[in-house]
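*Asks:* Sequence:
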Amino acid sequence: MGVDPGLTRCGVALVEGGVGRPLELVAVGVIRTPADMEASRRLLRIHDGLEEWCTTYRPDQVAIERVFAQHQRNTFTGTAQSAGLAMVVGARHGLPVDLHTPSEVKAAISGSGRADKAQVGLMVARILRLKEAPKPADAADAVALAICQIWRGGAGRRLQEAAVAQRAARGGRIPRSWKDVAR
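Those letters in the sequence shown? Residues 169 to 351, by my numbering.
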């Protein structure tokens, strides 16, 4: 499940498939909250929407866009809160949760980390054999996150788990050189 966090529009998408297998769009949508609603009520609505997605579709993992305060500082807090809710909902359902930067998602989908929203939408449509990109852009971004998770997701987590397992096998010792790793 891909989540493009936002306080006004939180994009959510579910894509099935795997590396080397065709991908299929299962569901895509946007959880909306009115700007004039109290922030706590907006967050509750997003939480409930994400819970409904997890209960209805039973994803096996969650990918969330990593939030940056670089350009849109006035919307950063709400977006970060929405991302935090997505992490909590995923954890509550026992799902692996991964965060992906916007440039990582763009590179996975289009081959360029600097692709614009139109290019990402076009590639999402091509990858999933859709007539057009999901609308609005938040929905297309959630689909792109889900695709990125399938193609790249969990790689860092798997490497970390392998390192922990290797350390455990070596009695907690951290390898200091390639020679130590090969032993």
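Hints are computed from structural coordinates only; laboratory data are not their basis. Wrong hints could be hidden among the right ones.
Unchecked claim - Here are the computed distance ranges between Cβ atoms for each label pair:
| # | residue 1 | residue 2 | range |
| --- | --- | --- | --- |
| 1 | 279 | 326 | 21 to 31 Å |
| 2 | 262 | 208 | 36 to 46 Å |
| 3 | 294 | 259 | 49 to 59 Å |
| 4 | 234 | 279 | 28 to 38 Å |
| 5 | 203 | 252 | 13 to 23 Å |
| 6 | 286 | 330 | 37 to 47 Å |
| 7 | 245 | 335 | 34 to 44 Å |
| 8 | 216 | 345 | 17 to 27 Å |
| 9 | 345 | 245 | 40 to 50 Å |
| 10 | 262 | 186 | 12 to 22 Å |
| 11 | 245 | 330 | 33 to 43 Å |
| 12 | 272 | 252 | 34 to 44 Å |
| 13 | 224 | 345 | 20 to 30 Å |
Glycine is no exception: its CB is placed at the ideal position from the N, C-alpha and C atoms.
*Asks:* Could you run down the list of hints and mark each one as holding or not?
*Replies:* Now the hints, each set against the structure:
1. For residue 279 and residue 326, the Cβ-Cβ distance of about 23 Å falls inside the hinted range of 21 to 31 Å, so the restraint holds.
2. Hint check: residue 262 to residue 208, Cβ distance near 26 Å, so the stated range 36 to 46 Å is violated.
3. A hinted range of 49 to 59 Å is violated for the C-beta pair residue 294 and residue 259, which are about 33 Å apart.
4. For the pair residue 234 and residue 279, the supplied restraint of 28 to 38 Å is violated, since their beta-carbon distance comes to about 20 Å.
5. Checked against the hint of 13 to 23 Å, the pair residue 203 and residue 252 passes, with Cβ atoms roughly 20 Å apart.
6. Restraint check, residue 286 to residue 330: a C-beta distance of roughly 38 Å satisfies the suggested window 37 to 47 Å.
7. As the Cβ distance of residue 245 to residue 335 is approximately 38 Å, the hint placing it in 34 to 44 Å holds.
8. Taking the beta carbon of each, residue 216 and residue 345 are about 52 Å apart, not inside 17 to 27 Å as hinted.
9. Take residue 345 and residue 245: their Cβ atoms lie about 45 Å apart, and the range 40 to 50 Å holds.
10. For residue 262 and residue 186, the hinted distance range of 12 to 22 Å is satisfied, since their beta carbons lie about 20 Å from each other.
11. Under the hint 33 to 43 Å, the C-beta atoms of residue 245 and residue 330, about 36 Å apart, fit the expected range.
12. Our hint of 34 to 44 Å for residue 272 and residue 252 is violated, since their Cβ atoms are close to 19 Å apart.
13. The hinted range of 20 to 30 Å is not satisfied by residue 224 and residue 345, whose Cβ atoms lie roughly 50 Å apart.
Violation of the numbered hints given earlier is confined to hints 2, 3, 4, 8, 12 and 13; the remaining hints are satisfied by the structure.
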